[in-house]
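Asker: Chain by chain, the residues run as shown.
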Amino acid sequence: MKQLTGENKRNIWGYVFIAPFFITFIIFNLYPIFYTFQLSLQRWDGFHQAQSVGSANWKRLFQDETFLLTLCNTLRIWLVDFIPQLGTALFLAMIFTFGRIRGMGILRAIYYLPNLITAASIGLLFNLLLNGDKAPINQLLTGMHVPGAPFAFFKNGLLAQLIASYILWWMWFGYTTVIVMAGVTSIDPCLYEAAELDGATKAQTFLRITLPLIRPTMIYLTITSIIGGMQIFDVPSTLTNISGDPQKALLTSSMYVYNQGFKNNSFGYASALSVALFLLIAGFSFISLKTLKKRETTYQ
Amino acid sequence: MKYYISKVLTAFLLLCLLIISIVPFYLVMVNSTYDSVKIVTQLNLLPGLSGWKNYKALQQHTNIWLGFRNSLLITAPFVLLSGYFGALTAFGFAKYEFKAKRILFSIVLASLMLPTQLSIIGFYFLNLKLGLINTFWPFIIPGIANASAVFFLHGMIQQSVPDSMMEAARMEGCTEFRIFNQIVMPCIIPGIATISIFNFVSSWNNYMGPLIILSEAKKFTMPILIATIKGVYLSNYGAMYMAIFISIIPIILIYSVLSRYIIHGLTIGAEK
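Protein chains in written order, with numbering that gives the first Met the number 0: chain A, 0 to 299; chain B, 0 to 271.
Rather than coming from a laboratory, the hints here were simulated on the basis of the structure. Treat the hints with care, since some could be wrong.
Here are the in silico distance ranges between beta carbons for each label pair [said to hold, decoys possible]:
1) L14/B / I11/A: 38 to 46 Å
2) Q37/A / R101/B: 27 to 35 Å
3) Q58/B / I11/A: 33 to 41 Å
4) Y3/B / R214/A: 21 to 29 Å
5) L257/B / S51/A: 38 to 46 Å
Just a sample of chain B residues kept apart from chain A, beta carbon distances all over 10 Å, derived [unchecked claim]:
6) Q58
7) L71
8) L108
9) A144
10) S195
11) S258
For each residue, glycine too, the CB sits at the ideal point set by N, CA and C.
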């Protein structure tokens, strides 16, 4: 009995050790979120007294065509980045795991490198490399006699979005490859041996064994990518100096929140936009979790 | 025959991806050594001689090393706080039994999924109220609550710190706090090193936070400095390439030494 109270007393230390984390978490993470929620029901320019306006911000939001446009931009940039990214990663993971490629470690390390570089530098870098007829990439393409070169990459909205997707793909395919490979190598090799004995082709093995078994990895990648993708900010904003041009094609929802808040001083409306995005991200994550999980049960 | 074709095709694709990954960095490096006229009139594939001139031109309007220093002044304390308090929090969760443990730990896990950029308005006004605008504190203090460090080190402490070792220390009269500092910490230094690399990169690359909190030019961090540089130099491409080059070279150097640990650290995080 005495020992039990001694141990109980000792377990108080658990609370003591985690306390700094939670105090900081409440102040710097939770409070900003609650404050943003609260501000979404107010009108405030940041200087004068904030006014409560009920649901006015939300009524405005549902009629705001620019917000809708930024959502479409964000989704399009994200999808055109994410689907090729998964494809590249699956392809690379397959040949790296089963192909016995010499120099695999170095290749993988180099593919991952762009992910570590500051997005601000990458935005400016691609702007310099692509923008203008005499930009290095255009000179390279003209030199190779690519039809249509030099390209006006930042004049056409659709082309500019493709560039943004490409940059994001370039930054993330190496990371996704590493994660998919971790999933693939965790599969029991016995399963492959059994499949080979049964005379399965490589494609069959991939579709029937590898893909279903790395489903948790795919779910993880999809959800984290939705969360990150819906908040795309750094690359399109440094690519375009936060303007989002041409024709607002590179204006993402996060940039719109930033502009409404810190450029227009409409902090209430910017907060409502944030909350709407927050709910959309939660919704999309939930839906993709449900659909990916459901498929899992039909497989078994 | 078919076997060889697929081999060659695979090698070709791998090579293409390799070129795609490297070429932008290479072009930046090369162009940072040419003057603007040469950059816009020809394609440069080998290093030139104007590197020093570009550096001088860059230094005229921007003190890039000040940006470097500012980034370091934020990143170093952030990494240390994340490592220490991440380990302390993980230790509290891994080695003690208390009532609210499960719910609190799931809060830590859930916070990993929080879309943090969406609370920037609240974050800005919090720091305004605390008088922290134009200081580095808003990027340093949150290191105490770094959920990914807690998550990463929690598993490590469970695996590599045996309870018997802690019991033995208690017999000798060690306090719980000393057990953490002198027994647990040394055991998990490799894990702290791995998570510190990732914390370093994420803090060094942070763009949106400093963009809203820092408005004085002499407080600008590296990413902010780079983002503003286009407006400052307009058509001095050589100087801009030089700025990008200086901003990416530390990460490339660190990575060339530590890439193995970084890739390994990534997979550990993914397996859990």
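Asker: All the hints need checking, so say for each whether the structure fits it.
Answerer: Evaluated hints:
{"no.": "1", "hint": "L14/B / I11/A: 38 to 46 Å", "verdict": "60 Å, violated"}
{"no.": "2", "hint": "Q37/A / R101/B: 27 to 35 Å", "verdict": "30 Å, holds"}
{"no.": "3", "hint": "Q58/B / I11/A: 33 to 41 Å", "verdict": "56 Å, violated"}
{"no.": "4", "hint": "Y3/B / R214/A: 21 to 29 Å", "verdict": "34 Å, violated"}
{"no.": "5", "hint": "L257/B / S51/A: 38 to 46 Å", "verdict": "52 Å, violated"}
{"no.": "6", "hint": "Q58", "verdict": "18 Å, holds"}
{"no.": "7", "hint": "L71", "verdict": "14 Å, holds"}
{"no.": "8", "hint": "L108", "verdict": "13 Å, holds"}
{"no.": "9", "hint": "A144", "verdict": "4 Å, violated"}
{"no.": "10", "hint": "S195", "verdict": "14 Å, holds"}
{"no.": "11", "hint": "S258", "verdict": "4 Å, violated"}
Hint compliance for this structure: hints 1, 3, 4, 5, 9, 11 are not met, and every other hint is.
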